[in-house]
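Line by line, the protein sequences are chains X, Z and E.
So for the first sequence, the numbering used here puts the first residue at 1; every next one is plus one.
So for the second sequence, the numbering used here puts the first residue at 280; every next one is plus one.
So for the third sequence, the numbering used here puts the first residue at 669; every next one is plus one.
Worth double-checking, as some hints may not be accurate.
[Unchecked claim] Computed cross-link-like contacts, DSSO-like style, restricted to lysine-lysine with a CA-CA straight-line distance of at most 30 Å: (1) X:K113 x Z:K605; (2) E:K706 x Z:K584; (3) X:K259 x Z:K608; (4) E:K1073 x Z:K396; (5) E:K1073 x X:K230.
Hint data in this document are derived by calculation from the structure and do not stem from the laboratory.
These are the residues of each chain, in order.
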Amino acid sequence: MTNYYAGLDIGSTMTKAVIMDDSEIIASFIGSTGAQHRKLANRVMEQTLEKAGISFEDITCVIATGYGRINVPFADKQKTEILCHARGVASLFPTARSIIDIGGQDSKAIKLKNGRVIDFVMNDKCAAGTGRFLEVIADSLGLGVEEMGQMAFDSKTFVKISNICTVFAEQEVSDKLSNGVPVDELVAGIHESMATSVHRIAKRLVLDKDIVITGGGAKNKGLVKMLSQKFDHPVLVPQNPLITGAMGAALYGKDLVAKQDDFLKNRKERKLKNVTFFE
Amino acid sequence: MVATTGSKLKGLARVEECYNDYGGRARELKSDGKGIISFLCAYVPTEIIAGAGFFPLRLRGNVHEPVTKGDRFLEPIACPFVRSCYDLSLKGKYDFCDGLIIPHACDSITTPYHVWKYTLEPKYSHFVNVPRKTTGPSLDFFKAELNSFRKSLAEFAKTEINDENLIKYIKLYNENRTKVKQLYELRKSDPPLVSGSDMVKILSASMSLPVEESNQLLDESIAEIKTRERSDIKSLPRLLIMGGTVDNHDIVTLIEDCGSNVVCDSTCVGTRDLIPRVEPTDDPMDGLAKRYLDKINCPRTQRDKVGTTFQDDLEARFGDVGKYAKEYKIDGVIMYTYRYCDPFGFEISARKAYLESLDLPNLYIEDGYFAGTMGRLRTRIQAFLEMIE
Amino acid sequence: MPKEKIKKHKKRLTATKSAANVASFVKHNIEAPIAANKEGRPTCYSFIISSYDEIIRAMDVTPAWTESFAGICAAKRDSARFLEKAEEFNFSRSLCTYALCGLGFDIMREQTGEMPSNSPWGGQARPDFMLSSAQNICDPRGKWYQAAQEFMPDVPIYNTGLQWPVFEEDVNVKDVEEYYVKYHAEELRGLVKFMEKQTGTKMDWDKLSETVNLVERTWDLIWDTYELRRAVPTPMDTGDAMNTMVPMVFLSGTQRAYDFFLELNKELKEKIANNEGVAEEEKYRLMWGGGLPSWFALNDFNYFHSKGAVFPVEITYRIIEPMNRLNIPDTNDPIERIAWRHFRFNTFWYERARQRPGSVPALERLIQYIEDYKIDGIVMHLAFSCRTAHLGLTWQLSQLAKIYKPIPVLITGGDKQTRKILKKEVPSLIMESDIVDISSYSEVETRAMIDAFIDTLADVKSKKV
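Let's have the full structure, built from the sequences with the hints guiding it.
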């Protein structure tokens, strides 16, 4: 009988699911978490199951992670995204010793040793260093975030934005624009500022290479370029940087089943249904 | 539910009652004619207040009550615990108190003294100027300062605060400290006999009662814990929580919910101030001065460096935590401090270095003083526990 | 690799030549301990207003003023890298930013063994010992150097205990002064012993007495000089005073400081004779009522001037009173004189406050200056990282309106909550900012607030007429 493992990463904006068998990922899916905190998480799970061509009962172990991991009735266990990102990245990049995850509303830095987490730092208080920062600026400039990322990547110079705080940075950008500073240099400056914020958070851990970037921020070419500059050597980016958490969760499930002979016997009954409202 | 002597509750049930209605017993005593003097922080000598015939009530905050009125005159850059106490005071929670004593503890407590005094208008208030250093001239100064306080309070009380009374209350408070230590001993086993969350409640409740009643409550609680049927506390990673005034159980409950037992602490409603004793001295003021100035190991006090190396000094500054860590077989430490706290804030690096020298995994959390922030901390705490598994 | 475009920073205009020359003093203060280190002469980290200036000068120790250095980093807009370095070591951003800047710098210097590249004016010299100041003023004055010792474990600290009684209207300071002064004097003697051990030299007590005498004469001179600013139009305002504070607090006990104020005194008298003011047309006389300024935004004073608003008087860094009103008891012991002078200075306004119900010493001082200097409005700055200088300012302003009269107030710093509250009591506007951390400051918004405040003052004045 084949074992299947599911990992579900319920982020503040996106929910990611991964289903694997004993050797590889057989399906993955990314959907919206929904305004009402994970009410749609089960739907993401359903779509992933469809892609994989299996039913929920076929899954040996379901691990939930991410912001909304609590109160997922169909998960066997919940683990933090720190542990799961580490597990996911370690399987993709065995030489990785640091991970920086840049999400929509938070960012974190994780230090690894032999694939295990030995230290971490989180930023979820301040928009600086998260996707939100870029969104706000993009909005005020009337550009798309991807567009801005490309602009930053292509620009040869950047104008330093001294304000890290999102609101003040927005003002500073608008002020400089009206004083004639070219928009691409400004956008590059914004990405440099973002990279500075991220770097600041990460510096507390004294990160060693190889450094891997995950999350939505990893898809931003301009940001990745600025981060490589900050860390003084190239940072690595997974092919699909959004699913490393879910993948890690599934792998954790696989490890768990391997460790416990009677896992299936002791596993509680669970059905795939609506997630309850998170308080 | 009001905490009154009419209450038939004892032991842990009484703890629950007193914790949820903090100050209830004091309010009742007031209506019976007793004078109540409130105070902030561990540095105020309760023995002197009790010796004058008052019930000394330590001010507590409430993480479930957002600061609203307190915003009026206490700027947000003040310690959020102090702001909560001030906010509650403005809202009348402590309006039955006759007096307010504030010590020279840290900036957030010291600087706004006049704001407290002129906006709350207590019948009596006094500032106890605790020096920063602990030995020699500083001890002499503090003794003189305590005698000024004694004189001033005696005038308000219209009664002499004589040595016999002081000695009587020193004895009673020392008994209290002994009982608190006994309570802590119940956490040495694996699993501990009482949860960290319940500990916070018991200690807070014991602070809300006059020392004689507090002693009785502690006796009852210890007996109950020892003899009750096995609780459902499991054997989990053993943590020590280190920080300032952690007087609400919510954070400890969260930490334990994430999969741990908080078996010891170094906080201001914990080992830092509820255990050190007053040594007997000919002049009781000497014992009081020494105990309050030197035995409370709080970062606001600035001790001279010991030894030549950084490590020697760390041992002198934080060795008490290291001792507890060993005695209670600690697996990890959570440093939990409030934002805008200079005394702790400046020490985090050194504390971390000390814990690392003992190979103790540690997590640093800087938080506000509001239950609403708890959810945000869950991931950090859980990830820390996953890390030390 | 993308390069950064850098904008050049212009030098600020001052009303007096003396103030303009202060930059050379500051530079000297930064360079002197670096030179002393090279020449093998003793150096120490020091805090201002800590009562040990005379002792330092009399023992020929060269002080490195850590607060000054942080202020310079801020003024030169080069503090970010040091603040970030401190954060790397888990020093929270909510702490005193002077300390964060200093600690960050020390860490960088100790990690590499040399001054960080392009350190402002050569950088902060590594000290032979550090003089903490365990007193009423603030927590960082004890915790900062203790924290720095992690990175310089071989550098010893002496912590001078210095207390003064907090004002209580039912306490006469005469009842407690003896044991307070005794304590301070003992601490100062301990300091002398410590410094003798560190430097390997003995204190020259005659020299100390002379230095104490010099400081006292300097206090009187500064008092006389600053009082000249009562003139209408005022010959000098806070914009300059934020410069002239340098010799007052960093060169206390030196002939250089005394000579500086002689020059300034002369200059002010000349300006008064020529009816020269600070602004082209002096329309509004303001007081800087409290809080430390944003060192990177002193240009804001010039902006005020452009609108006809000047600051004849300030609370901040005016840390002198005339000797004849301090009533120091007769004593030949220089240590006793220092202790008494500080006690009297720190309790100077207490008796006055006792006479007026609801008043506190800080308010008495505000009231005196409002009357002496004919003040139309007050400006205050709530820097978010300095608890000790800023907690209670909101209440002070509200209480001032109650026990004296409501006066228009502009508060820079603080946050939305404080703004809402004060708007009810006095016309006021607030935004967040800090003494060193420029990331919190918005020049655009600040200028807009100043404009709005000037409108308020104009409005009030027109109603009076």
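Check: So which of those numbered hints doesn't the model satisfy?
Finding: Of the numbered hints given earlier, the structure breaks just one, which is hint 5.
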